[in-house]
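Chemist: Single-letter residue listing:
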Amino acid sequence: MGPITRRLAGLENRKGWTAVLLTVLGFALVVPVLNMALEPGHPLHVPTYVVQLLGKYLCYAMLALALDLVWGFAGALSLGHGAFFALGGYVMGMYLMRQIGDRGVYGNAELPDFMVFLNWDSLPWYWMGFDSFAFTAVMVLIVPGVLAFVFGWLAFRSRITGVYFSIITQAMTYALMLAFFRNEMGFGGNNGLTDFKDILGFSMSRDSTKVGLYVATVLMLAAAYLAARFIVTSRLGRVLLAVRDAESRVRFLGHSVTGAKLFAFVVSAMIAGVAGALYVPQVGIINPSEFSPANSIEIAIWTAVGGRGTLFGPILGAMSVNAAKSFFTGVAPEVWLFFLGSLFVVVTLFLPKGLVGLFGLLKRRQRRAMPKASPTPAPKATEETHA
Amino acid sequence: MPENAVQQAPRHDVLAADSILYLDGVTVSFDGFKALNSLSFIVRPGEMRTIIGPNGAGKTTMMDVITGKTRPDEGTVLYDGNVDLTKHDEAAIANMGIGRKFQKPTVFENLTVFENLELALKGPRGTFAVLLARLMGEQRDRIDAVLGTIRLTDRAHTSAGALSHGQKQWLEIGMLFAQDPRFLMLDEPVAGMTDAETEQTAELLREIARDRSVLVVEHDMEFVRNLDCKVTVLHEGSVLAEGSLAKVQADERVIEVYLGR
Amino acid sequence: MSRIRSPQGLVALVCALLLAFVLAVAAALPARAADDAAFAQAVEALDQRSFAEKADAVSALAALGHPRTAPVLEALSAGQLFRHRGSERIVIGAYNGNTYALTDAVTGEDAGTESSSRKLAKIVANNTIRVQIENALGSLQLTSADPALRMSAARQALDNPSADAIPALSAAVEAEADAGVKALMERALAASRLMGEGAEAERIAAVETLADTTDPAIRALLTRVANDEAVAEPVRLAAADAVEAIDTRLAVLGVGQDLIFGLSAGSILLLAAIGLAITFGVMGVINMAHGEMIMLGAYTTFVVQQVFRATLPPEVFGLYLLVAIPAAFMVAGAVGVAMERGIIRFLNGRPLETLLATWGISLILQQAVRSIFGATNRQVANPDWMSGSVELLGLSLTANRIAIVLFALAVLAGLAAYLRWSSMGLNMRAVTQNRRMASAMGIPTGRVDALTFGLGSGIAGVAGVAISQVANVSPNLGQAYIVDSFLVVVFGGVGSLWGALAGAFSLGIVNKFLEPMAGAMLAKILVLVFIILFIQKRPRGLFALRGRAFEN
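Protein chains in written order, with our numbering: chain X, 1 to 387; chain A, 1 to 261; chain P, 1 to 552.
Some clues are possibly wrong.
Mimicking SDA-like on lysine to any residue, the simulated pairs with C-alpha atoms at most 25 Å apart in a straight line are [said to hold, decoys possible]:
#, chain 1, residue 1, chain 2, residue 2
1, P, K537, X, F149
2, P, K122, P, D159
3, A, K230, A, P45
4, A, K87, P, F513
5, A, K87, X, N191
6, A, K34, P, F513
7, A, K69, P, Q536
8, A, K69, P, L533
9, A, K34, P, D159
10, A, K122, A, D73
11, A, K104, P, K182
12, A, K69, P, F513
13, A, K69, P, G442
14, P, K119, P, L137
15, X, K363, A, S29
16, X, K325, X, N191
17, A, K104, P, D159
18, P, K537, X, N191
19, P, K537, A, P45
20, A, K69, P, D159
Computed footprint of chain X on chain A; a stretch qualifies when at least three of its residues, placed anywhere within it, have a C-beta under 8 Å from a C-beta of chain X [stated by the list, open to error]:
#, segment
21, 117-127
22, 212-218
23, 235-241
Read the hints as simulated data drawn from the structure, not as lab findings. All figures in this text were calculated on a predicted structure; none of them were measured in a lab. Using N, Cα and C, we set each Cβ at its ideal position, and we do this for glycine too.
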């Protein structure tokens, strides 16, 4: 599966690169142009709400990609990735709250509305610095990264694997959810952070800002994709795959399983954090329910539907499952949970490699049908992936 | 018992001075069952040693202890005369130059044969070093050489999962070559092999054992005879007899254990 | 000493014994020792022209504490006390429209009827006297025949201690036979003495009597005395000591209370977790739909309850739980077996896939129940025998909590016995220890898996019956328990019933102890953090199974 996987992900040749580039350009350029250059009545016009919806899906795609890095490639199913996403979102939310300035309901330039409401007289220390976008951008990486580092170090060092790892990551996001529900935490309690006004000086209610956020999301997803690709095609990527398949054997070869997994977990958490940070300005709110364990499990199904252990799979999965969600919740909300539930069952039973695996299967069938088709060309994997 | 400790410290030093592996009084128990019961023996540098014993004699547990997988409840395990192996984990011990081949061939089935060898290849093991590692010409040559030795050159880029049982065994032996250990432990290297494969494997092992210390755990008496080296018989977690195969086969107690009189 | 509010249910035996004791005491109340002659004289003295003298007579009458005092004073207050011209007796006359029914005020005997109001001279009371009577009646209830009335009178005297009440209280204490009432009276008496102007030694003795309680009113009273500049130094010091002693006792009681609450919360966790522990232990897979099995059990209880309501007479309604328990076991167990046979077995023991698939099933089950029963909460009524409460050593315990603790332990014991002595139990233990070996020995692991899953799910269903008694029944019910029960299993050790027991009770108790200190949410967070750190040290839980088979 190794080389096939990577080929499906378009990793090994110039064609793959071109495909990635074209897809990115397609999403980053064509959609905004169709939105802004064409009149609303035009058949090819993409309405702004669709652009926003796409942006949201792309954030989910980035989140699924992040999960895939630890689950699909290192075999550790985190059921707490929603926590890293939400933390990134809260960090961005704090910046956006500071941008409101004195335009809040209470007109207090020093404190966000909810703090005024709680009779706080000064800004807590951990809110310092979030007036600066640069600081915020760094924190978007650092906050989820540090949590992942500490948590992952504790977990991987004591060799917590399999369902144990899943359970304690679930407990982690559950604990954080409870914590963020508390008003005393200083993150707006139940209501979370909302009523944002502008970002980097651009009003968030303007269509151009929304399109701009969308383009930023496409670019960040591409960057995350490339980062993930760099990792999985490196020798460390092969160590991760080896860990996934036979963890203890890797140790006997002298590789640090803890180190490899920790690295993947931290990078993954950072990607999830960036996804959350891009998500919040596009949906306009972040609240503790983003930490709920159910959300985190849903990420796993996006990844599984698309095909874990591939880089393209989770992106495809997140976008298609969420498109289905939007469709069902609009048409017949009560059917959605039946659908989602069945999806979990069907994918685990019949599609262990997801949609990407399905395509691969169809392709192979096709090839077998054609006589004398050359078998898998011996991939010179190691050589070219390092080029 | 401070006096004891004072006495023991120099004793280990002296006895372990010329050894690659030194076990003294190693005990491991699982819920009251003693898998190893005060096991003691010494392997000299460059020596090849065979360990035999009936099922449950503690052979696998012994290897688990040496490779850091299982911590002994008590006892001393020294490598190279002075390194306390009970204080290190599997990866660190592997990096000290102790290689292990499992009874059931364990290769990474989703990686290619080439990639399996690449992971085993001696070299820096730090996470970032591995992330940024590039395959150098000489490393490539080394892998190619190993591929030739284990006769898998033409299968270098197939998934290891697609190999036959015997080929997996060879791949694993090849990984040991690539790892280039100083001390090697082989758990039933010819189990489940055809006669021809057994013959080829024995050849490979002789090759690999030339300049290394080797510990072989084996059931196949014919194979043991071929190896022609000192034999240690384990029974119920401790050493029952030690010496040449002929000598231990003549030992009353060994006969009793094996024939279950 | 216990006091009973609900002499039924699981605690019926204990309660019935206590009730019998109380009734026996009430029946054996000794005849009043008060002097009837003195009483007659005092009643006579009520007929005075001067209100001041009349007030003195009321005081005298109240001080006597005669059983007839209360009716006489009540009559005086209500304007129904007369001197009957002719017999010259003091009588109580109740006007029934055209005649007065007369009762002799002194003896309480029937004194015939009188149709002419001219023959009755009313003994008049003014407002001052009415207030005086009201107060006096309060302490008069101290001698009432009804222990509950005496108890409340004593309570009243304790809450408003005054030196005036000393004589009545002393007399009442002397006469009291019910130990519980007597103890309260003694405290009321001590409180009254403390407020009085008695000798220093007497007041210190009173403080000492009061010190062995946890009563907030007494604590307040003692605090007031301890801080009162006007009170003599030794009394104040004694009072301060007593307050300290009460605080210590309150702290100890608080610990006891938390312990019991923790045990009851722990038993619910235990019920929720043991099913999970055995499926995880035997099959190595996690059933994310376990919470929904609990939910199904709760809804089964609801349905059984509705059937009982609709078809059976109300007298047998309390028995619906006895039907609900096996019904819930069967329903949830059947769903579990269907899940295992239909889906899980095809996943070949791949734990992560199983986790995701069962999560999918949980979503489907939730939505199915929501579609059938609606999204709103359903009420499951406690049967009468579970709705009372018992007070023990100053702790108030609700019967349903006690019942759940006992029920959880019974389920655990039953399960342990099943695993220990049945042949299927032996198979399960074998598969838990070493699946491959068990399979090689001819144990039908597929059958064992299906039955294990059914058993685990069935127990979850039974847990749902218990939970329906303390929580609302809603489609999301199971979600609330899933994370906690996982933590119990992880903490206790997989596949170990004792681990589940220890894990559930310690988590329940720790949570309850942290709650007052840190608040419910923070307590939960601390517990989660603790477990994450704990499995650093013991990755396989408290009661880990060890052996080579487990180390891979």
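Chemist: All hints are to be evaluated individually against the structure, with a verdict given for each.
Modeler: Against the structure, the hints:
With a C-alpha separation of about 19 Å, the suggested pair K537/P and F149/X falls inside the 25 Å cut-off, and the hint holds. Of the pairs offered as hints, the one joining K122/P and D159/P is violated, with about 36 Å between alpha carbons and a cut-off of 25 Å exceeded. Of the supplied pair hints, the one linking K230/A and P45/A holds, its CA atoms being roughly 13 Å apart against a limit of 25 Å. Pair hint K87/A plus F513/P does not hold up; C-alpha atoms about 39 Å apart against a cutoff of 25 Å.
Of the supplied pair hints, the one linking K87/A and N191/X is violated, its CA atoms being roughly 51 Å apart against a limit of 25 Å. Distance check on the hinted pair: K34/A and F513/P sit about 41 Å apart at the alpha-carbon level, beyond 25 Å; violated. Using a Cα cut-off of 25 Å, the hinted pair K69/A and Q536/P holds, with the two alpha carbons roughly 17 Å apart. Of the supplied pair hints, the one linking K69/A and L533/P holds, its CA atoms being roughly 22 Å apart against a limit of 25 Å.
Between K34/A and D159/P, the direct Cα distance comes to roughly 70 Å. Violation of the 25 Å bound is thereby established for this hinted pair. Distance restraint check for K122/A and D73/A: the Cα-Cα separation of roughly 32 Å exceeds the 25 Å cut-off, and the hinted pair is therefore not satisfied. Of the pairs offered as hints, the one joining K104/A and K182/P is violated, with about 81 Å between alpha carbons and a cut-off of 25 Å exceeded. The suggested pairing of K69/A with F513/P is violated, with an alpha-carbon distance near 39 Å, which exceeds 25 Å.
The suggested pairing of K69/A with G442/P is violated, with an alpha-carbon distance near 31 Å, which exceeds 25 Å. About 29 Å separates the Cα atoms of K119/P and L137/P, which puts this hinted pair outside 25 Å; it is violated. Restraint check for K363/X and S29/A: the C-alpha separation of about 54 Å exceeds 25 Å, so the hint is violated. A threshold of 25 Å between alpha carbons decides the hint, and for K325/X with N191/X the separation of about 24 Å falls inside it, so the pair holds.
Of the supplied pair hints, the one linking K104/A and D159/P is violated, its CA atoms being roughly 81 Å apart against a limit of 25 Å. As the CA atoms of K537/P and N191/X are separated by approximately 38 Å, the hinted pair breaks the 25 Å bound. Between K537/P and P45/A the CA atoms are separated by roughly 37 Å; this puts the pair beyond 25 Å, and the hint is violated. Between K69/A and D159/P, the direct Cα distance comes to roughly 71 Å. Violation of the 25 Å bound is thereby established for this hinted pair.
Given as covered by chain X, the segment 117-127 of chain A passes the check, having 6 residues with a CB less than 8 Å from a CB of that chain where 3 are the minimum. Beta-carbon proximity to chain X at under 8 Å applies to 0 residues in the segment 212-218 of chain A; the threshold of 3 is not reached and the given coverage is violated. Interface restraint, the segment 235-241 of chain A with chain X: violated (0 residues with C-beta to C-beta distance below 8 Å; minimum three).
Consistency with the previously given hints fails for numbers 2, 4, 5, 6, 9, 10, 11, 12, 13, 14, 15, 17, 18, 19, 20, 22, 23, ordered from lowest to highest.
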